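Read top to bottom, the protein sequences are chains A and B.
So in this note's numbering, the last one in the first sequence is 373, and the numbering has no gaps at all.
So in this note's numbering, the last one in the second sequence is 275, and the numbering has no gaps at all.
What the hints contain is simulated information worked out from the structure, not anything from laboratory work.
What you are looking at is a predicted structure, and each value in this text was computed from that prediction instead of being measured.
Treat the hints with care, as some may be off.
In the DSSO-like style, the derived pairs of lysine-lysine whose C-alpha atoms are separated by at most 30 Å in a straight line are [as the list claims (entries may be wrong)]: (1) A:Lys178 x A:Lys199; (2) B:Lys75 x B:Lys194; (3) A:Lys149 x A:Lys199; (4) A:Lys114 x A:Lys353; (5) B:Lys108 x A:Lys114; (6) B:Lys45 x A:Lys149; (7) B:Lys141 x B:Lys168; (8) B:Lys161 x A:Lys149; (9) B:Lys96 x B:Lys75.
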Amino acid sequence: MNLSVKIGNVRFKNPVTVASGTFGHAEQYYDLEEVGRLGALVPKTVTLKARLGNPPARIVETPAGMLNAIGIENPGADGFIHHKLPSLQRIGVPLIISILGHSDEEFVTLVSKFHEQRQIVALELNLSCPNLGKKVLVAQDPQATHRLVKRVKKISRVPVIAKLAPQVTDITVIARAAQDAGADALSLINTFPAMAIDTLRRRPILGNLSGGLSGPAIRPMALCLVYTAAQEVKIPIIAMGGIVTADDALQFILAGATMVAVGTTNFINPRAPIEVLEGIKKYMRGNKVKDIQQLIGGLRTEAAETKG
Amino acid sequence: MPQLQNIYRVVANKKLSPRFYQLCIDAPSIIGKVQPGQFIHIRVNDGLEPFFRRPFSVYRAQKYVEILYEVIGPGTQILSLKKKGDPLDVLGPIGKSFDMPSPETRQVVMVAGGIGVAPFLILTDFLRKRQSLGFDVPKLILLYGGRTKGHVFSMKEFINNGCAVHVATDDGSVGVRGRVDKLFSRIDFNPRTTWIYTCGPKPMMAVLQRFARRHRLQGQACCEETMACALGACLGCSIRTTQGFRTVCYDGPVFDLNEIIFE
Ligand SMILES: Cc1cc2nc3c(=O)[nH]c(=O)nc-3n(C[C@H](O)[C@H](O)[C@H](O)COP(=O)(O)OP(=O)(O)OC[C@H]3O[C@@H](n4cnc5c(N)ncnc54)[C@H](O)[C@@H]3O)c2cc1C
Ligand SMILES: Cc1cc2nc3c(=O)[nH]c(=O)nc-3n(C[C@H](O)[C@H](O)[C@H](O)COP(=O)(O)O)c2cc1C
Ligand code: FES
């Protein structure tokens with residue numbers, strides 16, 4: 066059974082990874098042998114300078130999901146490289162580092178800090194964080210997306226993945242802009258802008274007023290965006306958005322995703338990524354699928370045969 | 013994937029009063045590992061409602077792991093329906109525990125508000141165990157504030173552990189009438205020999221912090237915040253401290269009392 070998939074020139078042993086911002090402190094709490102079975106790890110987005118993040122409350126649960134407005138709290142590129150990267154490298158799983166610059170120059174500097182580090186096999190450009198008070202995200206502007214991806218591609222020694230936002234009029238326009246600029250893959254999708262209000266206090270629940278919705282609540286919408294984008298572009302898609310089970314992951318794969326990331330579900334069931342991986346294998350065995358490639362984009366849309 | 017995640021069996025789920033329960037779990041891999049102040053993170057439901065797990069301080073860890081909890085919403089409501097033999101998906105033990113008092117400490121004052129008393133029984137169990145190992149054990153004092161008589165628990169267990177217990181209730185149905193800070197005047201707080209532990213509502217801990225600053229007292233507070241992962245991954249449970257934002261689940265839940273910034 067072949068589970069391996071490729072992004073750019075990098076081969077991953079299987080398609081299962083974790084979504085940025087939903088996995089951490091593996092060295093302290095996790096069975097590293099199990100973590101080592103995943104296709105890749107994606108740590109929380111790193112910015113050039115350290116960020117403190119947003120004021121509390123930063124999270125709230127909602128029907129079948131949650132809102133978050135963490136505000137990319139992170140130790141900055143140098144802090145990350147010194148304090149976090151070594152323990153991630155020791156796990157031995159390929160790393161995809163998510164980076165976010167506040168300008169094209171910052172993105173370029175970030176790339177130069179990361180693309181030659183051991184174990185880092187790709188960079189994910191976070192063009193779509195809803196929690197930084199920006200009026201327009203890079204991922205809402207096809208020109209900006211194109212310009213940025215192109216600049217980064219010019220210098221990066223590793224494949225470049227553009228992480229896009231769901232709140233766009235037409236996902237195919239942005240997806241194509243990223244592809245045309247040379248992106249090696251797309252990550253779909255980041256959280257949906259959302260809010261919750263405490264009616265007693267008549268105040269927003271989140272300290273940041275609004276946040277991003279994630280979890281199973283967004284899965285059908287994420288699936289539709291992945292399917293739509295996959296119809297438009299040739300580059301691989303890393304899909305995320307409410308994946309809880311292997312069946313959820315398989316839906317994204319059939320819709321055209323090459324890799325799948327477990328995000329919010331890690332908070333509820335930290336074993337989910339491994340369960341998803343095992344479930345995909347079981348499905349392949351049960352359905353006599355020898356190669357995961359046979360499933361990617363394998364959705365049947367022709368009219369079902371009707372019996373005369 | 014975490015070594016901390018396990019399915020355990022419920023041994024008992026006893027109703028103590030209309031809103032308070034004591035849950036007892038057969039969790040052998042937590043016993044022997046858990047330290048006072050640490051907590052467990054329980055998935056109360058297999059489905060998606062409520063969505064998050066729920067954190068609870070370990071109240072006792074002898075043969076079984078016990079928690080003391082108050083039913084305040086859907087999560088604790090579902091928990092209250094668990095029966096003997098039911099499986100329970102638990103992450104734990106999690107978090108930074110209380111430091112043991114320094115050798116100069118002659119007097120430990122625990123200030124608890126309501127359900128905040130939970131981490132102190134296991135603390136006094138540990139302090140007593142240290143005594144049997146030959147450590148000098150300081151005088152133990154529990155200042156315990158609750159709404160009313162039915163909200164004040166375990167006084168017998170604390171007394172059995174050698175604690176002097178002082179109670180204040182809002183309606184005066186047990187102990188003195190008023191807030192727990194009414195009890196402060198009963199204690200001789202010598203800053204060189206006193207160590208404070210506290211757990212309870214933020215306003216109570218904020219009052220204690222002001223008192224502690226005024227009298228140059230040192231101690232630790234066990235904090236609460238809404239949690240998703242409880243593993244330090246989501247950075248969702250941050251509170252403000254003099255060291256910047258700190259996660260309650262990973263950097264805490266126990267913090268230096270004087271470092272917390274109550275808002
Ligand atoms: C480290 C830690 C240890 C804890 N230990 C215990 C314990 O030993 N016993 C116990 O009974 N509870 C404890 N709690 C609190 C417990 O986790 C909550 O009571 C529980 O999650 C409530 O879930 P629910 O679905 O029943 O109520 P929800 O619907 O989640 O809450 C009902 C109402 O209470 C408010 N609320 C919820 N959680 C808190 C909180 N932590 N502080 C203030 N207000 C809150 C909500 O805003 C809401 O208005 C602890 C919390 C933490 C973080
Ligand atoms: C608490 C939290 C923090 C997140 N932080 C980041 C981040 O730093 N960078 C990023 O690109 N996406 C971040 N995300 C978005 C996820 O990576 C993912 O795109 C999104 O949550 C949808 O997947 P899910 O429903 O499986 O969680 C975060 C999501 C959550 C819930
Ligand atoms: S609950 Fe996720 S970091 Fe504390």
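Numbered hints the structure breaks, given as an ascending list: 2, 4, 8
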